[in-house]
Every structure is written in C-alpha cells, then in structure tokens.
Amino acid sequence: MSNDTQNKTKYGEENIKAYGQNFTTMTPGWFAKKLRTCLIWQFIRFIVINIKMLIVVRKSH
Amino acid sequence: MARVVVLGGGVSGHTAATFAKKWLGNKHEVVVVTPNSKWNWIPSNIWVGVGQMSTDDVTFDLDPVYKKIGIDYRQAKGVSIHPNGKEDSDKSYITIEYTGQGKTGQSEELEYDYLINATGPKLNFGATPGLGEGSQLGEHTVSVCTADHADHANHKLQEAINKMKLGQRQKFLIGTGHGMCTCQGAAFEYIFNIEHELKKAGVRDLADIKWISNESFLGDFGVGGLHMKAMGYAVSSRIFAESLFTERNVDWIIGAHVNKVEKGKVSYELLDGSMGEENFDFAMLIPPFAGVGLKAYDKDGSDITDTIFAPNGFMKVDANYSAGAYENWKASDWPRKYQNPTYKNMFACGIAFAPPHPISKPMSSPNGTAIGPTPPRTGMPSGIMGKAVAHSVCDMIKFGPDAKLQEASMAEMGAACVASAGKGLFNGTAAAMTIYPVVPDFEKYPGTGRDTEYTFGEIGLAGHWIKHILHHMFIHKAKLNPGWTLIPE
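Sequence lines, in order, name chains A and B.
Per this note's numbering, the very first residue in the first sequence carries number 96; after that it's consecutive.
Per this note's numbering, the very first residue in the second sequence carries number 17; after that it's consecutive.
Excised from the complex, chain B in its bound form (with noise of 0.2 Å):
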C-alpha cells in the first residue's frame, strides 16, 4: 500500500486529494494535512465582504467529507520534509503540527511515498510596515483573502456606510498593499462591489473610490494585460478597465508600491521614482504572497531547504529558473509536469510552485525598487493542476517510477474567469472573461501572444449569473456530491 500525502486542502490540493483517493480506492491511503477545519471557496469572498454572503455560504467542514470518501485528514500544518528519511530509516517524511483536532500544538511525523505540497500562499502582510504582522492582517487596513478577513471587511465597510448616511464624506483605496503582488482580480473585484453597494446604498456621491496598484497599466491583472475580440478589433485589456473605472468614476494610482501603512494614511513609491502619500477612511489592499516557510532537512539533519525551495519559499519543480532577462522568457519556460527536478516523488502545484519568473514585464522604479505584479496560479489552473498531478502519482503507484506523467502547462492551458462588478440577480454585472493561453506564447501567436479566437471579455448581467452558478457549482463539486467529477475544473 502506498501513502499520499497531501499538504494543503485549498483549491489545488482538494482537487489533487479527492481524485486521486477516487483513483487509487482503498487499495492506497491519502492523507491531507492542513491548518483550516473548513474549505472556504475564494472567489466568492469578496461577496461576504460586501455583505451580499454569510462566512457559512462560502465555507464548510473538510471533517465528513473526507470521511465519506476515505481520505485520512489531519487538521495540521506542514513543518518540514525530510525526503531522504533519518539516520535509521530511509523512509521518506514530514513532520506536522496539528492546529485542531483536540491535538493543538502536537508534532508528529508522517511518512510517505509520494508528496503534494499545495499549500498555498502564506500571506505576507508583514512584508510592508503597517499592513500587518507575518501573516497576521494589521488593524489600519482590511482584507478579503480569507472568509474571516472578507466579514471583518464588511463590518467596516457597513460603519462607513452609516457614517455617509449621516453625511459624512467617506475615502476608499482598494488595491495592492505591496510593489510585489499577485491577486489583482479580487481587488478589481471588490472596489467595483464596493461601488454597487454604495449605489444602492444611496450614499455613493459621497464616496471617493480609488484604486491603487502595482501594475504599469490597468487591466495588466498579473498576466500582462490580454486582448480580445470586440467590435472587429483586438482590444487590450487595458482600454476595457480603464473604460470601466471611469464610467464607475474611479479614479487610480497604478505603478505603486506600498511602502507604508499608517492610521487613515498609505505611502507609496511609484515607477518613475516619485514618493506619494494617500489617505483613506476604508482600505482593503492584498499582501504580497510568500512560500508557507516550509523547511527542508537531510538524513544527516542539514538543511537543504535551497534544494527543494526557490528563495521565495515556493517548491522548484521542472521550470526553467535560467531565463533571465525578460528579452529570454519563453513559453517553455514554464513546468508542464509539476515535478521536483531533485526528488521524483514530489510534487507541487497551485500558488506552491515557484514559478519561473513573472508574465507582466518586470519594472522597477529609478531607486531599485521592484515594482509590478507575479504570477497568478489560482482558479481554473490551479484546479487543472491538481488533477494531472493527482494523475501522475496514480500513474507512478500503479505502473512504476517511469510512468508517463500528464502534462499541464500554463502555456498551453486557457483559463475562463469572471470578475464580478456587483451583484444583483436582475442589476448585477460581472466581467465574464476567457483567455488562452494564460501565459502568452509569442512565438506560436506573435503580437498578442495570445489566440484571440479563444479570448474574449465582456461585462454585464450574464457574466453575473454565470459566476452565481459557479459559486453554487463548485462548492457542489467540493462537498463531493453526486456528479462531482463531471464538473470541470
């Protein structure tokens, strides 16, 4: 019998977890360990944080829905991988530490055969002063990365509704709370929410809503901008979202990197290398992501983190981390199989792998300062990812070693998002949007990168209701309830 393990039970590793338990049935044993009781699914967060949805609408417990598929589940989180085993075993294995399960705070070590790290982002709020501590949300600011940060939110944002009820002026920033951000689609996401829910508030002429981020230029969205399909033209992203901020009279900073939060006050560094500061009655702005801090160590006890860890804490798997300069990238560049180039029996997928370098061309500002968003590997990739990983390792226990491993490229896969821009089952708009592939490929689509038969993007009511059913659709899928599999990823 082999042993699965796999850290992190978020959209990545759900999905990577449950098929490969469908597939391997109980002749083998998958373990998931992770931190959270419940699975919380993201793209509606930003709902909760208007108020529109309860914590309990976009979560539930991970508990009975392991237990109805046989997935051994440790409510713990992932301290280090010992992949050569210790001095008087060979036998690979991690050590835990449990955060529930009546076991808090006990550490215990866990073997197995084939390990998926899909841990996720640690969110580093503490990599900008003011915005927080380690992963800890500070208290100038909020945020929508999680169910609970996403009701804090609203619970401020309904206290500024109720102070410009009483005719007090209000300030909002929404955006990037880092020069080095990912995640620019639940900020895009929640201001416009934020906006709809003024409106009917009916307070928004006493709202100023801006936007600040790290991109060099709206619409950029971590994948370097995308053109689509409209009106006979093929139209940047760009136009599209600066078209929307205006119409909803947004105004926005873009180029920016936070480099301080205070009480009602942000300070900001922009491209061209001038200092600016904002200030703000409301402000949700995402941190930067790092690697969950995950530690590496050899039979001997040494540290060999830097073999298995980019130096931003994600897993290297088999990308091309030579590029270099962005003249260099290539499609090519990017992992297809998800594997660790050292370690054959481990894996990595979603926000855990470290990704070659940025999509969006990197900028920085006169005084060095990096500036300009990373890599997003959320939603329907990370899903996508998850599963072909999950497949690989069935493959590997059931046919050896050499198995032929399923391939998954970001270059090569397409991605359908929808942005929601308020909700409303007869008012509500969302911008519905396909793109493919996620990572441009100039050299099969020179220009755009991109096939602009297979990208497009429109806003409206449709893109609303498409996304309400995705909500409803996904936890379905997630809760494992019958016809699970036939849903996509």
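Next comes chain A alone, as it looks inside the complex (with noise of 0.2 Å):
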C-alpha cells in the first residue's frame, strides 16, 4: 500500500479523533448526505413526514 492510500481519510470521516469522545458514533457517507440535498428524494420525504407528523398532531389532540 502506497503512502498516499495510507494517508487518504475517507470522505465524511475526517473529523473523527481517534480514541476521542466523538470516536464511537457513526457518520454520513456521500450518498447519505447527497439524499439530504436531493430534490426529487427530499419532496418524496416531505410528504412522508407530513403525513407522519399529521398522524401524530391527530393522536395528540
């Protein structure tokens, strides 16, 4: 294995300190934080949480 392959962080993983307090949780991938900005996928999920967020203000009422 080359230095350079050694000493590529991956993407979303750059902020992890090793053995840090931040050390055990997970982070986002490029696909899991482009999904965030997608547009048709976000309007998919803007009626999906809609409509959960209706069914709990109808249960909470």
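Worth flagging that the hints you see were computed from the coordinates, not collected in a lab.
Note that beta-carbon positions come from the ideal geometry of N, C-alpha and C, so glycine has one too.
Some clues are possibly wrong.
With a Cα cut of at most 27 Å, we get these calculated DSS-like pairs of lysine-lysine [as the list claims (entries may be wrong)]:
1) B:Lys216 - A:Lys112
2) B:Lys245 - A:Lys147
3) A:Lys129 - B:Lys215
4) A:Lys154 - B:Lys460
5) A:Lys154 - B:Lys420
6) A:Lys112 - B:Lys215
7) A:Lys154 - B:Lys346
8) A:Lys103 - B:Lys216
9) A:Lys105 - B:Lys215
10) B:Lys495 - A:Lys154
11) B:Lys226 - A:Lys105
12) B:Lys216 - A:Lys129
13) A:Lys105 - B:Lys216
14) A:Lys129 - B:Lys226
15) B:Lys226 - A:Lys128
16) B:Lys281 - A:Lys112
17) B:Lys215 - A:Lys103
Pairwise CB distance ranges, derived in the manner of DEER restraints [claimed, not checked]:
18) A:Lys105 - B:Ser70: 35 to 45 Å
19) A:Lys105 - B:Phe442: 19 to 29 Å
20) B:Asn336 - A:Gly124: 39 to 49 Å
21) B:Lys187 - A:Ile135: 35 to 45 Å
22) A:Phe138 - B:Pro145: 47 to 57 Å
23) A:Lys105 - B:Asn443: 22 to 32 Å
24) B:Asn178 - A:Ile135: 31 to 41 Å
25) B:Lys107 - A:Gln116: 52 to 62 Å
Bring the two chains, given one by one in their own frames, into a single complex with the hints.
The structure is reproduced here in structure tokens:
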C-alpha cells in the first residue's frame, strides 16, 4: 500500500478523532449526505414526514 | 357576563385567549394582560440570530389582532393575584402594572371570574454570575430568547465574521448558561445555523465551534433523549446528535454547570465534580427559566404565594408533586387539566405551570451541584395545553363549575419538532422529529418509554421546507387570518 493511500481520509470520516469523544459515533458517507439535499428524494420525504407528523398531531389533540 | 383574564400573550396564552373569545363570543369578556406589544414566533428567532430574517419577520403588533376579535388587551405585567378578593369584596382580582398604552408605570386592579396563567418564563440570566442581572442579558454573551436578543446576536456574529475575513481565528461557544437550563433545542439549532453561515461566508476553517450543555448526553434535549426507528433499529437520539456534531466538526462539553461568565471566558463544573474553563470570542448561552415572580395575597393581605406557586415560581396545578426519587416517577405524575388544586377558577399552561419533576434523569456532581435539563413545556404541547384550558374554562362558564374539564397530559400527547441546521431553499437542512409521548411512559412502553411507531426523526432539506412553512403558517394562525382555527397547534 502506498503512503498516499495510507494517509487518505475517507469521505465523512475526517472529523473523527482517534479514541476521542466522537470515536464511537456513526458518520454519513457521500450518498447519505447527497440524499439530504436531493430535490426529488426530499420532495418524497417532505410528503412522508408531513403524513407522519399529521398522524402524531391527530393523536395528540 | 363572565370575565376570563389571561396572563401572558405567548404561544400558550395567545392560543387560550383567542379560542376562549371565539367560543364565548360577545356574551363574555376575555382580557389579555401581557407586557409585550408584539407577538413573537420564537422558533424563528434562530434565523434572526444569523441574519436570515429580521425582527419584523418574526413579530407582529398584538393590538390590531385583539381588536379584530374583540379581546380587551392590556399591555401590562401581572403583579399579584388575590383569589379571595379583599376585605370589602369577595371578588377575585389581580393587580397589574402597565408597560405601555400611554399608562407606563400605572397600577390597576382587574377582577376576574377565571384566570389563565400563561406568563411564560422569567429569563433568569442573574442565576449565573456574569451572564446577566435578573432578567437582563449581560454584556459578555448573546441570547436568542427574544427577537431583540437575536438581532443583537446577529450583529455580534457579523462582527466575528468580519474579523475572520481579515484572517483572525474565532472561537464560538454555544449552549446552556447554567446547570438547570431547558431549551437545549434552541441552542442546538443556533450552533448549526452559525456553522452553516460560516461555511457560506467562506470562513469556516477559521472557526472553532464548541457546544457546552447541562445534558448528561448529547441528544437529551430535556426529554431524556428519544429512540427513533432508523434502518430497522430503534436508535438513540444520542447517536444521531453525536453523528451530526462530528460531521459538522463541532466539539462538545456535556454535563456542565456554567457557574461564572467573564469577558471571553466561562467557568464550569462537570458532573464528575471537576472544574474547567473555556475561552470564547462569541458565546450564546441560554439562561435558566424561573417563574415571573407573581405574588398571591389573601383577603387580609397575608402572603399565600406558597399555596399557589411552587418554590421555582411556577403555578401549582393537578400534578403529583410528591413523587420523590426518580425511581418513583410515573407518567401519571404529569398534570391533565392544569387546574390549580386550591382555586378551581385558576389554571396555568405552557411554561407557567409547575412540572412535577424533570423528564431527564436528575443528576448532580459529587459537590452536590444539580446538573440536568429541566423539562421543556414549549411549542406544540404549549399550544395544545392553552387550547384545552380555554375549552375547560368555556365549559365551566357555559355549564357550571362542575363541567367536565378537558385533558391534555404531556405523558399522553406527542409533539412534532423541527430543528433547523441551516437555512436555504436548496441547501438548508433541518432535523424533523416526532416524539410520542413527550413524557416517556415506561409502564405503557417498557424499554424506551415511547411508541417507536410514532417517534422518528431524520435530517434533510424536507425538514427545512417544513420549518419554513410552519413559520408562515403559525404567524398566519396567530394573526387570526382566515382559516386560523383549521391550523392545528
């Protein structure tokens, strides 16, 4: 393995501090982050989240 | 004709007053006493604090709205409650002191048949030396608790950004300014909105951003955390919160009681009893909340404040205040009707009612310092409570004092929350969450205390769109514009 490959931090993992307080958490990769602002996917999620919220609102009144 | 007096014109008080007036019509009188001339949609103060909205975007004048529906509006603060009247009269009354309407400083007695206490909190900056004096914000930190505070915070933020553009490194410290704070959600939104704005300004690499809070774990939010269904697992909010903090390169200090604030420095005590200090160039620290300091007097003038109010200044209602240790806590400790146990014509809703105990597990340091979030009573639950209380009062007026009262326990209702993590039509994100019920019921839902079918959360642009739509929807509702009753609390 070349030094270049060894030193390359994978996308989304650059802020994890080895054995620091954030060492045990999960971090999103490129695809998970892309989905967050993907218009088509987010439009679908907008509908789904609204339905879920309306159900909770209805149960709470 | 009966008179309903509502103390406070925030989310809960405004909801209670407007629905009471709608249901009672002109046959009865509804009076709102609030020291503010404007209504504020507080969840959007975050965006004022980063310059993405103006104070005018999040506030409007109360006077024309109350005129429209026929509510008698007094711009004044409540001073004292006299539930048994005075020597020459049995009629209950409150004393108020005007803060506007050309009568500033003048006192007045206001009789009532029913009293709804929805005063909201006193922002108790004075609880932490250096954070402020009494309810006044100090000079070392900023706040987003009011629209004006948020505007001031934005000016300080822009100064910091300008310094960074000149190559100066800046340290941002955001969180809670005392061991007994609530409203971690507002600080959570603010830290990520700042991070988002710094990125947009091209200066993120010159910023060190740190979170400091009294939560014993990230993602507690004052509700003891929550488990959400994700990827087939019931995942703790701690995992999601830690993930977001790591992704956005935000460091954290938790289990912290900030005990002193000085220029550019806070001192704190941790749950393990150790002491620490943290320097900052810009700090937004939420103050602890307390009751607004209403007093209560009997007919003969004797002080009966302790009968009506808990020691923290919030009004006692039909909660179980003798639950004792955490192991004995039950969902049924939480109030259902928000009626004062001594005076049945008196109710409290929103932040103004005294909760039976925290929701998060109480913790203290070996030095005996209590460090843990106090329970949130804002947002959707606050509106639902206000409406339920208004309904109960209207029923008592129409059907007599023995009418069946409405119930709205926080241990049986859910809440929808949207926490912004950055504003932008195409690049904004927010964590959209539902939690059911707000107060965990470990008897009904062993393990997580909540129904994971209805407790979920995810971050994305859709959440931002929802938060933005809610901003306009709730201001439309609060202005009593057409269709306002169709918008749920």
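Each hint tested on the structure:
1. The straight-line distance between the Cα atoms of Lys216 of chain B and Lys112 of chain A is roughly 25 Å, inside the 27 Å bound, and the hint therefore holds.
2. In summary, the hint linking Lys245 of chain B to Lys147 of chain A is supported, as the alpha carbons are separated by about 13 Å, within the 27 Å threshold.
3. With a C-alpha separation of about 17 Å, the suggested pairing of Lys129 of chain A with Lys215 of chain B holds against the 27 Å cut-off.
4. As the CA atoms of Lys154 of chain A and Lys460 of chain B are separated by approximately 16 Å, the hinted pair is consistent with the 27 Å bound.
5. For the hint pairing Lys154 of chain A with Lys420 of chain B, the CA-to-CA distance comes to about 21 Å; that is within 27 Å, so the pair holds.
6. As the CA atoms of Lys112 of chain A and Lys215 of chain B are separated by approximately 21 Å, the hinted pair is consistent with the 27 Å bound.
7. Restraint check for Lys154 of chain A and Lys346 of chain B: satisfied, since their Cα atoms lie roughly 21 Å apart, inside the 27 Å limit.
8. For the hint linking Lys103 of chain A to Lys216 of chain B, the alpha-carbon distance of about 26 Å falls within 27 Å, and the restraint holds.
9. Using a Cα cut-off of 27 Å, the hinted pair Lys105 of chain A and Lys215 of chain B holds, with the two alpha carbons roughly 21 Å apart.
10. Taken as a hint, the Lys495 of chain B and Lys154 of chain A pair is honoured in the structure, with Cα atoms around 26 Å apart against an allowance of 27 Å.
11. In summary, the hint linking Lys226 of chain B to Lys105 of chain A is supported, as the alpha carbons are separated by about 24 Å, within the 27 Å threshold.
12. Of the pairs offered as hints, the one joining Lys216 of chain B and Lys129 of chain A holds, with about 18 Å between alpha carbons and a cut-off of 27 Å not exceeded.
13. The straight-line distance between the Cα atoms of Lys105 of chain A and Lys216 of chain B is roughly 24 Å, inside the 27 Å bound, and the hint therefore holds.
14. For the suggested pair Lys129 of chain A and Lys226 of chain B, the alpha carbons sit about 26 Å apart, so the restraint of at most 27 Å is met.
15. As the CA atoms of Lys226 of chain B and Lys128 of chain A are separated by approximately 22 Å, the hinted pair is consistent with the 27 Å bound.
16. About 25 Å separates the Cα atoms of Lys281 of chain B and Lys112 of chain A, which keeps this hinted pair within 27 Å; it holds.
17. Pair hint Lys215 of chain B plus Lys103 of chain A holds up; C-alpha atoms about 23 Å apart against a cutoff of 27 Å.
18. In this structure the hint that Lys105 of chain A and Ser70 of chain B lie 35 to 45 Å apart at CB holds, the actual value being about 42 Å.
19. Under the hint 19 to 29 Å, the C-beta atoms of Lys105 of chain A and Phe442 of chain B, about 27 Å apart, fit the expected range.
20. In this structure the hint that Asn336 of chain B and Gly124 of chain A lie 39 to 49 Å apart at CB holds, the actual value being about 47 Å.
21. The hinted window of 35 to 45 Å between Lys187 of chain B and Ile135 of chain A holds, with their beta carbons roughly 40 Å apart.
22. The beta-carbon spacing between Phe138 of chain A and Pro145 of chain B, approximately 50 Å, falls within the hinted interval of 47 to 57 Å.
23. Between Lys105 of chain A and Asn443 of chain B the C-beta distance comes to about 23 Å, which sits within the given range of 22 to 32 Å.
24. The hint said 31 to 41 Å for the Cβ distance between Asn178 of chain B and Ile135 of chain A, and at roughly 38 Å that hint holds.
25. At about 60 Å, the beta-carbon gap between Lys107 of chain B and Gln116 of chain A stays in the expected band of 52 to 62 Å.
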